[in-house]
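Engineer: Residue strings, one per chain:
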Amino acid sequence: MDFSFSEEQQLLRDSLARFVAREYPFEKRRAIVRSAEGFSREIWAQLAEMGLLGLTLPAAHGGFGGTAVDTLVAMQALGGGLVVEPYLASAVLGAGTVARAGTPAQRERLLPAAARGELLLTLAHGEAGARYDLAQVAARARRAGTGFVLDGRKAVVPWGAQADVLVVSARTAGAEREAAGISLFLVERAAKGVSVRGYRTIDGQRAAEVALDGVTVDAGALLGPLDEALPIIERVVDVGAAALCAEAVGVMETLNAQTLDYLKTRQQFGQPIGRFQALQHRAVDMFIHLEQSRSLALLAAVRADAEDAVERARTVSAAKAHLGRSGRLVAQAAIQLHGGMGVTDEMPASHYAKRLTMIDFQLGDADHHAARFAALG
Amino acid sequence: MDLEYTAGERAFRDEVRAFVRARLPGDIARKVLEHRRLEKDDYVRWQDILAERGWLAGHWPREFGGCGWTAVESHIFDEETAAAGAPRLIPFGLNMVAPVIMAFGSAWQKSHYLPRIRANKDWWCQGYSEPGAGSDLASLRTRAVREGDHYVVNGQKTWTTLAQHADMIFCLVRTDTTVKKQEGISFLLVDMHAPGVAVRPIVTLDGEREVNEVFFENVRVPAQNLVGEEGKGWTYAKYLLGHERTGIAGVGASKRELATLKAIARSERRNGRPLAEDPLFAARMAQVEIELIALEATVMRVLASRGSAPGPEASILKIKGTEIQQALTELMMDAVGPYAAPFRPEAMALDAEDAPVGPEYAAPLAARYFNYRKVTIYGGSNEIQRNIIAQMVLGL
Ligand SMILES: Cc1cc2nc3c(=O)[nH]c(=O)nc-3n(C[C@H](O)[C@H](O)[C@H](O)COP(=O)(O)OP(=O)(O)OC[C@H]3O[C@@H](n4cnc5c(N)ncnc54)[C@H](O)[C@@H]3O)c2cc1C
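Chains as they are written, first to last, in our numbering: chain A, 2 to 378; chain B, 942 to 1337.
Among these hints, one or two may not hold up.
What the hints assert, rightly or not - Under the rule of at most 35 Å between Cα atoms (straight-line distance), these lysine-lysine pairs were calculated in the DSBU-like manner:
no.	chain 1	residue 1	chain 2	residue 2
1	B	K1062	B	K1179
2	B	K1122	B	K972
3	A	K265	B	K981
4	B	K1122	B	K1196
5	B	K972	B	K1062
6	A	K265	B	K1122
7	B	K1196	B	K1062
8	A	K265	A	K29
9	B	K1121	B	K1203
10	B	K972	A	K265
11	A	K265	B	K1179
12	B	K1121	B	K1196
To be verified - On the chain A side, residues computed to face chain B include the following (Cβ under 7 Å):
no.	residue
13	G130
14	D134
15	T147
16	R178
17	E179
18	Y200
19	T202
20	T217
21	A279
22	H282
23	G340
24	V344
25	D346
26	M359
27	F374
Claimed, not checked - The following residues of chain A were derived to be distant from chain B, with all beta-carbon distances above 10 Å:
no.	residue
28	E8
29	S16
30	E38
31	V303
32	E308
33	K355
These aren't lab readings, by the way, just hints derived from the structure by calculation. Glycine included, C-beta positions come from ideal geometry on N, C-alpha and C.
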């Protein structure tokens, strides 16, 4: 048994940590979040230069052929600095789907550019009312000549207004909640009939409502097998959920450190508040949540690439369910222990707490994953 | 044992209910029910309506122009108004400074300030906390030095709720630095419009402006604005804490929010069925509802046994009341799933111009969840409340 990271992974972790510390001070993050695009092209280019954007993409198409454990290393470091750049949306979900399902031609067209940071992708799958059910797809694609015409609405698409290419799921057969009949399509955001309404999210990221009204794509836009995309979506979402768990661990590490620091410096009643046992026990619980979360995030990363679908799904759901709850509790405790300062915008801790909380709302919340875990036996 | 309201209390409840139905402005109620942003004018309008009816200070004794409501009647009033979507009454004048003035104030203070509070003429705010004095309030450092018939005040208060609207602030100030820290504190009423008072906003984590820093630079306060005796401020502040009404449990508002939660859970879907029927979510809702039923009964027990001035048991009400409020905001946020994430401050206004993202009710929920983290921090944090129970009730 070996829980240690490889030399390359340690190198990646350390250089990313240095990069975040140097290039991503909190005031800069604030400015980035407020900017028109909501992320920094400059930071994005630097992440590409460091090899991050092609980390898990195939070596044949500009990537480094890494594993979900490499993604964990990256996401944990990015989480630690509360980096908002669309790494998960583009590199893990968007490009990840193309890498898994694409023809060589599709991969060659998109992946090298994505790895260079020149092309932004995202997965446009969720719909209003679908909650976290991956099979609930109402958007439709019907054949027209050799191509397809897409109609439908996609909800809370991460970075949907910034992405150049949307990986869109749509029904080519079957009823709204049926497993079979879902297909994936590559759609240019600038294509005719695509309208995107972007907005901020409460944790400083961006998302969008995407409307597809008679969007015409050619046969080459079909990504993966016709009607049988759900297993691919499930796999990519599992990899993404594992990545979110890793991010949550990174966020928690920093948030716990900030809170401990506050407990040691804030004085009330003539002593640091960390001397009060009520707060010590709360801090200890935060620490235990972090360690349990770290363990599950590692398990999820190791198994996220597993071929055994049940083992993969159960482990990822266990981790995401746990992270959802422990993230909620850690965020609540961190704010509480900061007293009034904890509810201010000025304090970085409140921003970490918000991100940690909102991770639960991406790719399935704690209730969803607990139910899925239980259903898998 | 009889756990029902008396006939008189039921008649009072019906009277309040009818009044609220007739007079609570619809736009204000919608803001409360839909969790939108309330402006100063919303509070003022509603409080004016109550003042006109003589109910703004209904819980005050008759000698000060109140209706002399019993604790149960006050509770009924809070319940009925909250259920209908009335904004909470701004407590700083009505429930905080007024009882202190009634008990310790001068004849002039009683005749000047109490009628103005009752008539909704002044907006008060509370100047206790300082950057270095939160839970450890007695270590406060804002100085007031007597010069002839004035005090000259220098220092800073913080977390002052809605100070940007305020006409008056009641402050704990240090008038003597040579004695034990609790004994050098005085209770002073300060005009927010006086030269030398400056208010600076503190932006909260939901992007709103609800609290402020208040700075005092050589502010001259007439000595007649000292409440009671110099050096007794701490005693008065503690009197006030013990006097906090059972309203801190917020049962009425929580019942209203529970109803909203249920409505949202009926309209949201999980696996093609209403979320309200999902066993996991239904169980989580049930847990909160059960806590709320218990809390309401606890409030009634306190009311029945102690009248209007609960002792340390008030800490139970504060702890459970705020935990329930937070649990409700959390469940509502969870109920809307991915649509909790969009953050559009413009959607906090009623009838925002652009179309909503997702269901209309979803927009404020995450911001509100984060905002409500405050309730276990302010008014004596829940840790401090637990310390109080440990020491005063359990004798630990
Ligand atoms: C939204 C909001 C509105 C407010 N409005 C007002 C207002 O209008 N007027 C006003 O005067 N004040 C107001 N306050 C201030 C509020 O009363 C203080 O925030 C509160 O007393 C806590 O003080 P603090 O923020 O300095 O936290 P601290 O006292 O520094 O506490 C930090 C943490 O330590 C814990 N702690 C402290 N001492 C102990 C102990 N002995 N044992 C165990 N745990 C302990 C606290 O519970 C908290 O978790 C408001 C606060 C907020 C957040």
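Engineer: All the hints need checking, so say for each whether the structure fits it.
Structural biologist: Going through the hints against the structure:
1. Among the hinted pairs, K1062(B) with K1179(B) is consistent with the structure: their alpha-carbon atoms are about 26 Å apart, no more than 35 Å.
2. Taken as a hint, the K1122(B) and K972(B) pair is broken in the structure, with Cα atoms around 44 Å apart against an allowance of 35 Å.
3. Our distance criterion of 35 Å between C-alpha atoms is broken by K265(A) and K981(B), whose separation comes to about 39 Å.
4. Distance hint between K1122(B) and K1196(B) is unfulfilled; the C-alpha atoms sit about 42 Å from each other, more than 35 Å.
5. At most 35 Å may separate the alpha-carbon atoms for a hinted pair to count; K972(B) and K1062(B) meet this at roughly 23 Å.
6. Proximity of K265(A) to K1122(B) is assessed by CA-CA distance (about 24 Å); at most 35 Å being required, the pair is judged to hold.
7. Distance hint between K1196(B) and K1062(B) is fulfilled; the C-alpha atoms sit about 31 Å from each other, no more than 35 Å.
8. For the hint pairing K265(A) with K29(A), the CA-to-CA distance comes to about 26 Å; that is within 35 Å, so the pair holds.
9. Between the alpha carbons of K1121(B) and K1203(B) the distance comes to roughly 52 Å, so the proposed pair goes past 35 Å and is violated.
10. Between K972(B) and K265(A) the alpha-carbon distance is near 41 Å, which puts this suggested pair outside the 35 Å criterion.
11. Taking the CA atoms of K265(A) and K1179(B), the gap is about 29 Å. The hint holds against a cut of 35 Å.
12. Taken as a hint, the K1121(B) and K1196(B) pair is broken in the structure, with Cα atoms around 44 Å apart against an allowance of 35 Å.
13. Of the supplied interface hints, the one on G130(A) holds, with its beta-carbon coming within about 6 Å of a beta-carbon of chain B, less than 7 Å.
14. For D134(A), the interface hint holds, the least distance from its beta-carbon to any beta-carbon of chain B being 6 Å, beneath 7 Å.
15. Using the Cβ-Cβ criterion of 7 Å, the hint placing T147(A) at the interface with chain B is not satisfied: the shortest such distance is roughly 35 Å.
16. The interface hint given for R178(A) holds, since its Cβ lies 6 Å from the closest Cβ of chain B, which is under the 7 Å cut-off.
17. Contact between E179(A) and chain B, as hinted, is not supported at the beta carbon level, the nearest pair being about 11 Å apart and thus beyond 7 Å.
18. Among the interface hints, the one on Y200(A) holds; its C-beta lies about 5 Å from the nearest C-beta in chain B, closer than the 7 Å criterion.
19. For T202(A), the interface hint holds, since its Cβ comes within 7 Å of a Cβ in chain B; the closest pair sits about 4 Å apart.
20. A least Cβ separation of about 26 Å between T217(A) and chain B goes past the 7 Å threshold, and the interface hint is therefore violated.
21. With its C-beta approaching chain B no nearer than about 5 Å, A279(A) sits inside the 7 Å limit, and its interface hint holds.
22. Using the Cβ-Cβ criterion of 7 Å, the hint placing H282(A) at the interface with chain B is not satisfied: the shortest such distance is roughly 11 Å.
23. Of the supplied interface hints, the one on G340(A) holds, with its beta-carbon coming within about 5 Å of a beta-carbon of chain B, less than 7 Å.
24. Given the 7 Å rule on beta carbons, the hint for V344(A) holds: about 5 Å separates it from the nearest Cβ of chain B.
25. Look at D346(A): its Cβ gets to within about 4 Å of chain B, closer than 7 Å, so that hint holds up.
26. For the restraint placing M359(A) at the interface with chain B, the shortest Cβ-Cβ distance is roughly 6 Å, inside the 7 Å limit, so the hint holds.
27. Because the beta carbon of F374(A) sits about 12 Å from the nearest beta carbon in chain B, more than 7 Å, this interface hint is broken.
28. The beta carbon of E8(A) is kept farther than 10 Å from every beta carbon of chain B, the shortest such distance being approximately 38 Å.
29. Distance check on S16(A): its Cβ is at least 31 Å (rounded) from any Cβ of chain B, clearing the 10 Å threshold; non-interface status holds.
30. The claim that E38(A) lies off the interface holds: its Cβ sits roughly 16 Å from the closest Cβ of chain B, which is beyond the 10 Å cut-off.
31. Every Cβ of chain B is farther than 10 Å from the Cβ of V303(A); the closest lies at roughly 27 Å, confirming the non-interface assignment.
32. Every Cβ of chain B is farther than 10 Å from the Cβ of E308(A); the closest lies at roughly 27 Å, confirming the non-interface assignment.
33. For K355(A), the requirement that its beta carbon stay farther than 10 Å from each beta carbon of chain B is not met, with the minimum near 6 Å.
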